[in-house]
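Could you put together the complete structure from these sequences and hints?
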Amino acid sequence: MILALLLTTAPVLASVRLEVPEVDHERLWRYVAMAPGEPLRPAALRAAVQRLYATGEFEDVLAESSTDASGVHLVLRPKPAPRLASIRIEGDRVLGPDSARRAARLQPGEALWPGRLDAAASQVAVHLVRQGYLEARVEARAERGASRGAAAVFKITAGPRVRVSSASVVGAPAGLGRTLEALARPRPGEVFERERATRAAERMRQALVARGRWRARTELVETYDPVAARVGLRFVVNAGAWQRVEFRGHTPAPGVRRAVERLLREGGPSLDARDAGADRIVAALQARGHRDASAGHVTREAPGGEIVSYEIVPGPVWTAGNVSLSGADASLALRLRTREGAPIRERDLEQDERLLTRALEDAGHFEARVEALLDGGGGLTPVTFRADPGPRAEVEALEVVVATGEELPKGTPRQLHTRPGEPYRVRDLASDRRSLLLAWRNAGYLEAEVVPEVAFDDERTRARLSLQVLPGVRSEVDHIIVRGLRATREVVVRRELLPQQGAPLGLADLLESQRRLGALPILERASITELDGDEPSRKSLLVDVRESRFTSFAYGLGYGDRDKLRGSLELTRRNLFGMDRSLTAFARGSFVSSRFLATYREPYLLGRRLELFVTGFREEEDRESFDYVRGGGLVQTLFVLKPGRTLIARATHQRTDTFNVAVPEAAVDRQFRDATISGPSFSLIEDSRDDALDPRRGAFLALDVQLSLRALGGDPFLKSYLQASSYRRVLPRTLLAASARLGLARSFGFAEKTRLPLPERFFAGGDFSFRGFPTDGVLREGGNGLLLGSLELRIDASRRFALALFSDLGNVYPFVSDIDIGDIRESAGVGLRYKSAFGPLRLDWAYKLDRRPGESASRVHLTVGHAF
Amino acid sequence: MRSERGLTLVLILALAGAPCAAGELIERVLADVDGQPVLLSEVRLYETLKGLTQEGALETAIDARLMHREAGRLPQASLAQDEAEAACAAVRRKAPLLVEDPGLCSLARREAIVLKYVAFRFSGEDLDAQIEAWVKELRAAASIRYNAP
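First to last, the protein sequences are chains A and R.
Numbered according to my numbering, the first sequence spans residues 592 to 1459.
Numbered according to my numbering, the second sequence spans residues 2 to 150.
Think of the hints as simulated: they come from the structure by calculation, not from any bench.
Don't take every hint at face value.
Per label pair, the in silico range of CB-to-CB distance [unchecked claim]:
| # | chain 1 | residue 1 | chain 2 | residue 2 | range |
| --- | --- | --- | --- | --- | --- |
| 1 | R | E86 | A | R1055 | 31 to 37 Å |
| 2 | R | K95 | A | F1141 | 51 to 57 Å |
| 3 | A | E810 | R | S144 | 34 to 40 Å |
| 4 | A | A832 | R | D129 | 55 to 61 Å |
| 5 | A | T1175 | R | G57 | 55 to 61 Å |
| 6 | A | S606 | R | S124 | 33 to 39 Å |
| 7 | R | S124 | A | E1013 | 47 to 53 Å |
| 8 | A | E1121 | R | E84 | 17 to 23 Å |
| 9 | R | G57 | A | E1103 | 44 to 50 Å |
| 10 | R | S79 | A | G1198 | 39 to 45 Å |
| 11 | R | K95 | A | S677 | 50 to 56 Å |
Remember, predicted model here, so these are calculated numbers, not experimental data.
Just so you know, even glycine gets a beta-carbon here, dropped at the ideal spot from N, CA and C.
Right, here's the structure in full:
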């Protein structure tokens, strides 16, 4: 009876106390989640202890209760973990605390549990052995200090430092003894470091391999004399016979030959390496249409060595004759990679089969099969793609059934891909299943499942589809525990987290939070995991992070004809005030120029996810024809309106003064002319390109508006510039790229119409502009108005090369009022692209279609990157 | 030796925070298994359900933790809703006085997952020896730390 009462009526809490230092109380109290007046429930107490323990700050969390007339008094007493605050060395001080920390890979704040200390001691001992203390012994213990941290104490018995007494090479082939001996390390008299000796043995082996001894082996033999603390080194060499490779029956291309040789050299030459070489030869031949190519290998003796001999049978080249398609729409043949007159490649055939199968499936042939048939034994071979479309079905009905009767969650797509009356496509149904699954999982049903079911009528022409949703348990976020922070404030991590306490725990929120934390420069790593709990419907999240280094330093030295010696220095301090703010200072100087730049970054302006950059700079240079000084500042913030759309707002002040001009003013590059810009500017950018360097689809739109005001010390003008480009595949190997640019500007505050300061005017002509003209060549003095349009066909000729046909048209006008559609310059041209790792290398030849007197007829451009 | 009934009474008093002596310890971390705490209340559940001493129950709880973690990685060992409910109901029948404690069901679910894993992975005679070897292997790979009593 009493027991039943105890179980059904939990005693009420009269007080709850958390015994931690005052400075931590507010932060940790949130994990207790129990308050006076509430019943004391075992599950709540258990969860509170688990949460406090999960912070990683405690060795134990003791919960004690006492009772009086007012109820139960609960005290939570966490016992701090021995977290590393300092390192002390006892015994032989053969290394300093910092070296010991690095050797033991101990992180500040890391808990010094016995297992970790044993591992740390072993790591320090191994480090000492590497330094020549072959008899080193290390013990480690933790000593709790008066403050909250603990000291890791390493007691070191180093023993003598061992030196090399002798180093010899045994078994070197004739004529190579001295070469190998010269590689021996450490030398006699030097401290014995085993890693150096091992590296030396490896270098000897490589030297032998480079001389054709592909099977060479080297072994390091140490003879230790503990009394004298000396070690003798013997590098025992087994050079083996020399090897070389030969090719019979066919000579592979130089690249293939080199690749095969490399495989054999690096592989021993083991059987695997020889087989890999044969595979490489066959693959190269098949890529050129030798479908029946084969390569066998034998190893035969030769005087003093061995020859790995590849017997190559290339077989005939299979060239596609007539390429035909049966059982499917003949127009699909235009999209095939297998072309008449081209070599027949297995991977092309497979890709074509997939492409045709997919086209048939898109039309509702849910069991479509396509097979490539080759009629012949090599040479010019007709290729037939035989399609077996199978039955075709339309969707009669699609039903989404929720097993538990719950409503569809927010985020469920309004329109599924599968629709009644349309062809039944397995791919669409799979995509709809994924969409539904994601919607449910994002709504907190983390274990939801969606089961598709298909029922055909007797003729298999109509399909009734259903997607049955098994939601499972909906999970809510119970608590979020942050662990691992030292200098960073907790709010910096919490503001990146989308899951909120009490809200559903959605998968997308979890992934996005993980991504955001991973992007924080102040964190070396971050993970979000669920904490084990009793209730599947309430999950606590543990955010475990490790801070990275907050200070980075970079420098550079260079030499130039004019600069002579040139040096640069960059210092970045991240996580200022524990708030992920950063300050970067960069300085570069030489005997004729200097540049200084400082940038402050605030990631959350006014408590919102809004980046702010404040930059100040000054540069000056003594040039041969003129000198200049430029200085100013920039305040910039960036709003991500939605993925792919960004608004940038800036306030700029930049002044350029040029003096000691020893050439006509026109000869001074326009970017160095006297000008002052001072005022606000905005940029709206929308970018849906798949690749910024080499886009294949998508569009790019950028609108810039700049206002400069005399009241702010600037030259008065208003300038706007719009550029738009789009990329679309029009044929399987052909891309159409289109671009339009419009610039409009005016000065104000002058009695008569005035152009903008020279550096701010619009120009056209050059590699990335109007290609029929040299750089800025359309109107040398620039203007306040710009019209420019370009069309370009980019045709893939091979995996690496592409051809281009293009046309540019437009003009630069002195003033906006001069813009005249009738006054448009035109050019057209052809180009070649090579796809490199740095973007496309571009060679363009452009011809003026409306050449004027004194102008050259054409221009050639060689550069990196597309024109737009 | 205390009877199971006596143990149950002690456990219930502790878990429910019933009137007890001043400063009575009612929860703490007894051990750490790869960063996860093994709590006093969990160990007491094992004491009650399996009639073990605290030391024995602690080792059982550690083994259970390791086995569940390994078993949870196998998709075939995951529990359907009805299986989870059945496991919960069974343990409630076994310990009717603890039905209010959600930890009981949690423990039952974990045990059910381990049983499914064992049924999937092990077969033949001498099943106990196979499981024992498995647990030994799990313990060898784990970092286990005990807090002082």
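Comparing the hints with the structure gives:
{"no.": "1", "hint": "E86/R with R1055/A: 31 to 37 Å", "verdict": "32 Å, holds"}
{"no.": "2", "hint": "K95/R with F1141/A: 51 to 57 Å", "verdict": "55 Å, holds"}
{"no.": "3", "hint": "E810/A with S144/R: 34 to 40 Å", "verdict": "37 Å, holds"}
{"no.": "4", "hint": "A832/A with D129/R: 55 to 61 Å", "verdict": "58 Å, holds"}
{"no.": "5", "hint": "T1175/A with G57/R: 55 to 61 Å", "verdict": "60 Å, holds"}
{"no.": "6", "hint": "S606/A with S124/R: 33 to 39 Å", "verdict": "56 Å, violated"}
{"no.": "7", "hint": "S124/R with E1013/A: 47 to 53 Å", "verdict": "49 Å, holds"}
{"no.": "8", "hint": "E1121/A with E84/R: 17 to 23 Å", "verdict": "20 Å, holds"}
{"no.": "9", "hint": "G57/R with E1103/A: 44 to 50 Å", "verdict": "46 Å, holds"}
{"no.": "10", "hint": "S79/R with G1198/A: 39 to 45 Å", "verdict": "42 Å, holds"}
{"no.": "11", "hint": "K95/R with S677/A: 50 to 56 Å", "verdict": "52 Å, holds"}
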